[in-house]
Each structure stands twice: as structure tokens, then as C-alpha cells.
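Engineer: Next come the chains, spelled out residue by residue.
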Amino acid sequence: MSAVRVLVCFKVTPDFEALREADWAAAATQGVQTRYVRRVLNCFDESALELALGLSDAAARLGVTVELGALSIGGREVDPYLKTLVALGYERAARVAAGADGDIADTDAAGVGVGAAAGAAGVDGAGLDRAASGLDFAPAVVASIIASYVLRADHSDLLVLGCRSGPGDGGTVPFRVAEALGWPCLTRVTSIEPLGDGRLRVGAMVDDGLLRVTLRPPCVLAVGNALVSHLRAPTLKDRLERRERRIDVLAAADLGLDIAAELRREACVPTALETIDRRRRGAVIAGATPRDKARTLFDSYLSDLIETL
Amino acid sequence: MRFAALLDGTVATAAVQAQALAGFLGDGLRGDLAGETFVLYCDERDRERLVDLAPTRDVRLVKTAARRPERMVDCLTAAARGGDTALFLAAAGATGTEIVTRLACRAGGGVLTDALTIEARPQRLVCRKNVYSNHLVGRFELRARPWCVTVDACWNDTRRSPSPSHTILSESDESGDAGRPGATTDTRATGATGAAPFADAELLEAPSSGDLAKSRFLVVAGYGAASREGTERIADAARRMGADFGVSRPVAMNAWAPMDRLMGVSGTRAAPALCIVAGASGAPALYWGIEKAGLIVAVNPDERAPIVANSDAALLDDAVAVLEELAEIVAGRRTHE
Numbered sequence: 032m033s034a035v036r037v038l039v040c041f042k043v044t045p046d047f048e049a050l051r052e053a054d055w056a057a058a059a060t061q062g063v064q065t066r067y068v069r070r071v072l073n074c075f076d077e078s079a080l081e082l083a084l085g086l087s088d089a090a091a092r093l094g095v096t097v098e099l100g101a102l103s104i105g106g107r108e109v110d111p112y113l114k115t116l117v118a119l120g121y122e123r124a125a126r127v128a129a130g131a132d133g134d135i136a137d138t139d140a141a142g143v144g145v146g147a148a149a150g151a152a153g154v155d156g157a158g159l160d161r162a163a164s165g166l167d168f169a170p171a172v173v174a175s176i177i178a179s180y181v182l183r184a185d186h187s188d189l190l191v192l193g194c195r196s197g198p199g200d201g202g203t204v205p206f207r208v209a210e211a212l213g214w215p216c217l218t219r220v221t222s223i224e225p226l227g228d229g230r231l232r233v234g235a236m237v238d239d240g241l242l243r244v245t246l247r248p249p250c251v252l253a254v255g256n257a258l259v260s261h262l263r264a265p266t267l268k269d270r271l272e273r274r275e276r277r278i279d280v281l282a283a284a285d286l287g288l289d290i291a292a293e294l295r296r297e298a299c300v301p302t303a304l305e306t307i308d309r310r311r312r313g314a315v316i317a318g319a320t321p322r323d324k325a326r327t328l329f330d331s332y333l334s335d336l337i338e339t340l
Numbered sequence: 008m009r010f011a012a013l014l015d016g017t018v019a020t021a022a023v024q025a026q027a028l029a030g031f032l033g034d035g036l037r038g039d040l041a042g043e044t045f046v047l048y049c050d051e052r053d054r055e056r057l058v059d060l061a062p063t064r065d066v067r068l069v070k071t072a073a074r075r076p077e078r079m080v081d082c083l084t085a086a087a088r089g090g091d092t093a094l095f096l097a098a099a100g101a102t103g104t105e106i107v108t109r110l111a112c113r114a115g116g117g118v119l120t121d122a123l124t125i126e127a128r129p130q131r132l133v134c135r136k137n138v139y140s141n142h143l144v145g146r147f148e149l150r151a152r153p154w155c156v157t158v159d160a161c162w163n164d165t166r167r168s169p170s171p172s173h174t175i176l177s178e179s180d181e182s183g184d185a186g187r188p189g190a191t192t193d194t195r196a197t198g199a200t201g202a203a204p205f206a207d208a209e210l211l212e213a214p215s216s217g218d219l220a221k222s223r224f225l226v227v228a229g230y231g232a233a234s235r236e237g238t239e240r241i242a243d244a245a246r247r248m249g250a251d252f253g254v255s256r257p258v259a260m261n262a263w264a265p266m267d268r269l270m271g272v273s274g275t276r277a278a279p280a281l282c283i284v285a286g287a288s289g290a291p292a293l294y295w296g297i298e299k300a301g302l303i304v305a306v307n308p309d310e311r312a313p314i315v316a317n318s319d320a321a322l323l324d325d326a327v328a329v330l331e332e333l334a335e336i337v338a339g340r341r342t343h344e
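Top line first, the protein sequences correspond to chains A and B. Start counting the first sequence at 32; every next residue gets the next number (my numbering). Start counting the second sequence at 8; every next residue gets the next number (my numbering).
If you are wondering where the hints come from, they were derived from the structure by calculation, not from laboratory data. Remember, it's a predicted structure, so these values are computed and weren't measured experimentally. There could be a bad hint or two in this list.
Unchecked claim - Label-pair restraints from in silico Cβ distances:
| # | chain 1 | residue 1 | chain 2 | residue 2 | range |
| --- | --- | --- | --- | --- | --- |
| 1 | A | LEU267 | B | ALA338 | 47 to 55 Å |
| 2 | B | GLN130 | A | GLY213 | 25 to 33 Å |
| 3 | A | ASP289 | B | GLU126 | 26 to 34 Å |
| 4 | B | ASP39 | A | ARG107 | 44 to 52 Å |
Said to hold, decoys possible - Listed below are several chain B residues computed to face chain A (Cβ distance under 10 Å; list not exhaustive):
| # | residue |
| --- | --- |
| 5 | MET8 |
| 6 | GLU148 |
| 7 | TRP154 |
| 8 | MET266 |
| 9 | LEU269 |
| 10 | PRO279 |
| 11 | ILE283 |
| 12 | VAL329 |
| 13 | ARG340 |
Claimed, not checked - If you want the footprint, here are the derived chain A segments under chain B, 3+ residues with CB under 8 Å:
| # | segment |
| --- | --- |
| 14 | 194-207 |
| 15 | 274-281 |
Beta carbons: idealized from backbone N, C-alpha and C, even for Gly.
Generate coordinates for the entire structure from the input sequences, incorporating the hints supplied.
Structural biologist: Structure, rendered in C-alpha cells:
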């Protein structure tokens with residue numbers, strides 16, 4: 032039986048939780064400054080990467096070969112992740128270049144998230160840096176890149192990616208790619224198991240329950256709240272053995288794409304950011320011990336309320 | 008301008024969808040629009056109930072083979088190409104996201120998911136939605152029509168009545184492919200061609216998180232629980248107080264608690280009268296799930312944690328220790344009574 036060729040797409044994002052309240056407060060006028068924030072794997076993409084490794088392991092036990100590939104769009108900060116994936120057994124590793132070494136400018140380097148599509152579309156967004164660029168808030172362009180990579184370069188027949196990612200959190204990229212490829216798509220996937228005959232048994236959380244389906248690729252699987260959430264770590268031996276493996280770096284133009292034109296066609300354009308004031312009273316309850324504090328809380332706030340619950 | 012609300016009656020969440028759409032049409036949508044509801048259904052026994060749920064007076068009924076979002080997309084694509092409908096509106100969720108995205112791709116329109124509010128202007132739709140993991144709200148413009156939008160799940164808990172009366176404008180039966188080879192009776196996702204590629208689809212029991220969404224008293228454990236044992240001790244304290252128990256994403260991701268306990272953007276949203284957040288920083292993605300709580304109590308040793316300022320009362324201490332003491336006090340009070 033022929034091998035299943037799997038491509039997993041992932042995004043490396045700033046760790047937004049590492050920004051301070053003051054950073055967010057300034058964002059509406061100065062943009063979101065993320066240059067000095069550590070990078071992390073989008074959590075759903077991390078699950079997707081690990082689920083694909085698990086699929087490969089399980090398929091091997093059934094005598095089926097799964098050829099794993101990984102794709103990301105970004106700058107050189109993505110390369111260490113790709114090298115880790117190669118060490119873990121991903122045979123193909125590719126990056127569509129953004130930032131200093133690509134024809135897609137790097138949003139994060141500019142420190143503003145909504146400038147790219149706004150600038151390209153000529154929107155005069157208040158407080159936005161129109162010179163900033165990148166693919167945040169440009170899901171149609173991201174989907175074009177992924178679909179073009181599948182069709183022109185990778186020829187994979189199973190695409191796995193996170194169901195959504197920041198900063199837009201729209202969740203539309205998997206369906207856009209599926210439309211471009213003419214493939215079916217299942218979202219909020221939580222498990223992928225091989226059946227040994229080329230078909231897969233897939234679990235997905237849908238709006239009213241857990242769906243289990245049997246499918247035969249090609250298809251797009253968008254991973255949601257999977258129990259498998261952490262990417263395994265490679266051994267030093269694996270790293271050393273595969274350190275010479277090449278990472279392919281492509282320009283969008285290599286895929287036949289004109290990013291500036293694609294951005295101008297983006298139908299949903301970000302124009303501004305607003306801060307959110309969630310503050311409540313924040314009254315700090317004093318006390319010498321946890322019991323003292325719990326007692327004060329109960330007497331001052333809960334004793335009457337709790338009777339009504 | 009006209010809008011079309013989309014009610015997927017082939018899934019068990021139709022009532023929630025209808026509630027969200029009614030709330031959004033009443034309070035979230037600005038602009039001079041009149042509209043109708045496309046009701047997708049597959050069982051004649053549900054027909055009348057679904058019509059009654061429709062948030063608009065005018066209704067178009069579409070019977071489909073089964074849970075087939077792509078069938079709805081096909082119908083809507085035809086409507087988008089042939090009519091004057093500027094805006095297609097669906098409730099939040101996987102099905103709604105699939106429908107509006109595929110519709111926008113096929114009809115050449117713009118798509119935005121999880122809209123907080125929208126304002127229809129002659130040539131564009133101005134939308135607001137949460138971005139940056141709910142740290143900020145972004146304003147967006149959709150230009151190309153049709154505008155295809157899902158409403159944020161925050162509208163799920165709005166209380167607005169459906170339209171008091173309904174007029175059925177049209178009925179169509181798109182269930183004719185039910186007998187085609189390869190078609191199934193329970194398939195959610197299909198390719199652009201419309202054929203059903205997934206076989207043996209089986210909808211298992213719905214997750215048990217429903218009690219969280221309706222909870223009146225909720226305890227939410229965060230990463231400050233520090234371990235599975237700490238999480239279980241907080242869960243036990245919640246049980247003794249008669250509270251429902253939820254967790255933040257890091258707790259669920261570490262398998263310290265089942266995934267169906269997850270609160271926040273990727274989990275459950277609730278509006279309890281009392282919510283005690285124990286050991287969670289209160290990141291916006293979690294806070295979205297509890298922001299409608301009447302009283303929020305934070306238990307966290309870090310006074311700089313966002314949840315402290317975003318709570319009504321805060322205890323700067325170890326979450327497990329405080330919750331166990333509080334459970335003892337509450338239980339003692341109830342025993343005393």
C-alpha cells in the first residue's frame with residue numbers, strides 16, 4: 032500500500048500572555064509591541080504536530096508508512112522549530128520566508144499587528160503603522176500560501192493544522208485551504224488513528240457532541256482541544272543524526288504568489304484596535320492565615336449570597 | 008439591504024443558535040437591514056419547532072439529507088449569487104464557521120468570525136471582534152459582498168424572544184442525495200464537490216460540560232493548583248461547597264482535569280452568580296468564559312495577576328489552602344443550619 036503523505040502546518044507566535052497590562056493599554060495607539068517577547072508554538076498547531084507523530088507511530092505498527100512534512104510561514108526564528116521537527120522524524124521541513132529574508136514583511140518585527148492588511152488595502156487606520164506588514168489578519172493570504180505549497184511543491188494528501196491561531200483567532204484558514212484544494216475539512220479534531228487500509232479514524236468535537244468518522248485522504252484536519260497537547264522532545268542522538276537535513280526556504284514568489292496583490296484582495300481589513308477595561312473593585316481581603324482570609328471572605332461577601340445559589 | 012440569518016436545525020444546538028442570532032439582531036447589528044432566516048432541517052418532526060425558533064418573521068425552509076453544512080452552503084451560494092442579500096449571519100461554532108467561510112470563498116465575499124457587533128454601511132460592513140487572545144478588540148471592515156459573519160458566542164446567553172409570528176417564504180428539499188452511493192446519514196464535513204467523503208460517521212454522547220454553562224456557583228482552578236493533586240483538592244472543595252468545577256487551559260492541557268471542564272474561549276462560557284477563580288492568572292482567554300459572573304473572587308498569591316484587578320474581591324494566598332478552608336466554613340455553616 033502506498034505511503035500517506037502528511038503535511039502539518041504550524042505557526043510560531045509571540046507569547047501574548049507575557050505582555051504586561053501596560054503594553055496592552057498602549058496598544059490602541061502604539062500597536063502591539065512583541066519584538067522582545069518569547070516565541071511559542073500556537074497551542075493547536077503543537078497538538079497537530081504531536082498528533083501527526085502519533086499517527087506515524089501507529090501506522091508503522093500496522094506496516095503503513097506515513098511520510099511527515101512540516102510547513103511554517105515566518106522568519107528565521109522558525110528554523111529551530113523546524114530542526115526540532117526534523118529530529119523528531121519529520122522528513123520534509125519547509126519555511127515560506129517572511130521578514131528580512133523573504134518577500135513577506137515581518138509583522139512582529141514592526142511590532143504592529145493590524146497594519147499589514149490595512150496598509151495594503153489603503154485603510155487609514157487610526158493609530159496604526161501603515162508601514163508595518165506581515166500576514167496577521169490576512170487569513171486568505173495564508174490559505175493561498177498553504178494551498179499553493181501543497182499543489183506546487185509538497186503534493187501531500189493529508190493536511191493537518193491547528194483549528195485557529197492568534198492574533199486573529201478566526202478559525203477560517205482550514206476551510207479556506209479546503210476550498211482552494213477542493214478537499215473536505217473536519218475541524219476541532221481531537222484524535223487521528225490509522226486503520227491500516229489507507230483510511231483514518233478521526234475524532235472531532237462538534238457543536239453538539241463528539242463525532243467519530245472514518246475517512247480516506249485527501250482531506251484537511253484542523254486540530255482543536257486534543258488531549259495530546261505537548262510536542263515530544265527529540266533525543267540528542269536524534270538531533271545529531273539528522274542535523275544535516277535541509278530546511279527548504281521558499282519565497283512566496285516561488286509558489287507563484289504575489290503577496291502584495293493578495294493582500295490588496297483581502298476582503299476583511301483590520302482598521303483599529305481598542306483596549307478592553309475589565310477592571311472590577313479588586314478589593315484585597317486581609318488576614319494572617321488562609322483560614323482568616325476565607326472567614327472574612329465568607330462573612331463579607333458570601334454568607335448571604337451562597338444561600339441563594 | 009437584506010440579511011439572511013442561518014439556523015442549522017440539523018444539530019442539537021439549534022435553540023442556542025436561535026437565541027444568539029435573536030440577541031445579535033436586536034442589539035449587535037446596526038444599520039438599515041431587513042432580513043429572513045434560512046432554516047436547515049432534516050426531520051419533519053422538528054420543522055415546526057425550528058420555524059418557531061427563527062429570529063425573523065420571514066423564513067425559508069431547506070430540507071437536507073442530514074448534518075450537511077455543505078448543502079446549506081450550496082443553497083446559500085445560489086441565494087448570494089441571485090439575490091440582493093448583503094449579509095449572511097450564523098451563530099458561533101464549528102458549523103457556523105464552516106458555512107460562512109465556504110460561502111465567502113464561493114461567492115467572492117468577505118468573512119469574519121465571532122463578531123461582537125456589526126454596523127452595515129452602504130459599501131462596507133464595520134465589525135468588532137476580540138483579537139490577541141482576547142486582550143484587545145479589533146475593528147475590521149468587510150468590503151466585498153456578500154458579508155459572511157458568525158456572531159461571538161457571548162451572544163449565546165442573551166435573552167431575546169424569537170419573532171412572534173412567522174411567514175414561510177419558500178421551501179426546498181435538498182435531501183435528494185441521501186440515497187447516493189457514499190452518502191451517509193451523519194456527515195458534517197464534505198468537499199467542495201458536495202459528495203460525502205466520510206463514512207461510518209457516528210455522533211457520540213455530548214460532552215458533560217453543559218452544567219458549567221448553566222452554573223450558578225462556579226470554582227475555576229488554574230495552573231496555580233500546581234499539580235493534579237492540587238487540582239483534585241480544589242475540585243473536592245468545590246464539591247463540598249456545592250459548586251460546579253471548571254479549569255483553565257493549562258490545567259486541561261496537563262491532564263490534571265478532563266477537557267470537558269475547560270473554561271474560556273476554547274471551552275465553556277458561563278454567567279454564574281458567584282465565580283471563585285483559584286490559582287488562575289485570569290488571562291483574557293479564560294476571563295471571557297466568566298466575565299458575565301455576578302461576583303468574581305480571585306485567589307492568587309501574585310498581586311500582579313490580572314485576575315486580582317479584574318475581580319470583586321481578591322485573596323492573596325495559596326489557592327488550595329484557601330479553597331479547603333472556605334469549603335470547611337461553607338460546609339460547617341450548612342451543617343449548623
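Engineer: Now, for every hint given, state plainly whether the structure supports it.
Structural biologist: Verification of the supplied hints:
With their beta carbons about 52 Å apart, A:LEU267 and B:ALA338 fall inside the hinted range of 47 to 55 Å. The hinted range of 25 to 33 Å is satisfied by B:GLN130 and A:GLY213, whose Cβ atoms lie roughly 32 Å apart. Roughly 32 Å separates the CB atoms of A:ASP289 and B:GLU126, a value that falls within the hinted 26 to 34 Å. A hinted range of 44 to 52 Å for the beta carbons of B:ASP39 and A:ARG107 is consistent with their spacing of about 50 Å.
A distance limit of 10 Å between C-beta atoms decides the matter here; for B:MET8 the minimum to chain A is near 17 Å, and the interface restraint is violated. Because the closest C-beta pair between B:GLU148 and chain A is about 5 Å apart, less than 10 Å, the hint holds. Interface hint status for B:TRP154: upheld, as the beta-carbon distance to the closest one in chain A is roughly 9 Å, under 10 Å. Given the 10 Å rule on beta carbons, the hint for B:MET266 holds: about 5 Å separates it from the nearest Cβ of chain A.
The interface hint given for B:LEU269 holds, since its Cβ lies 7 Å from the closest Cβ of chain A, which is under the 10 Å cut-off. For the restraint placing B:PRO279 at the interface with chain A, the shortest Cβ-Cβ distance is roughly 8 Å, inside the 10 Å limit, so the hint holds. Among the interface hints, the one on B:ILE283 holds; its C-beta lies about 9 Å from the nearest C-beta in chain A, closer than the 10 Å criterion. The beta carbon of B:VAL329 is positioned within 10 Å of a beta carbon in chain A (closest approach about 5 Å), and the interface hint is therefore held.
Here the hint on B:ARG340 is kept, as its CB sits about 7 Å from the closest CB of chain A, short of 10 Å. Counting residues of the segment 194-207 of chain A whose beta-carbon sits less than 8 Å from any beta-carbon of chain B gives 9, enough to reach three: the coverage restraint holds. Here's how the segment 274-281 of chain A fares: 0 of its residues keep a CB closer than 8 Å to some CB of chain B, so the rule of at least three is not met and the hint is violated.
In this structure, the earlier hints numbered 5 and 15 are contradicted, and the remaining ones agree with it.
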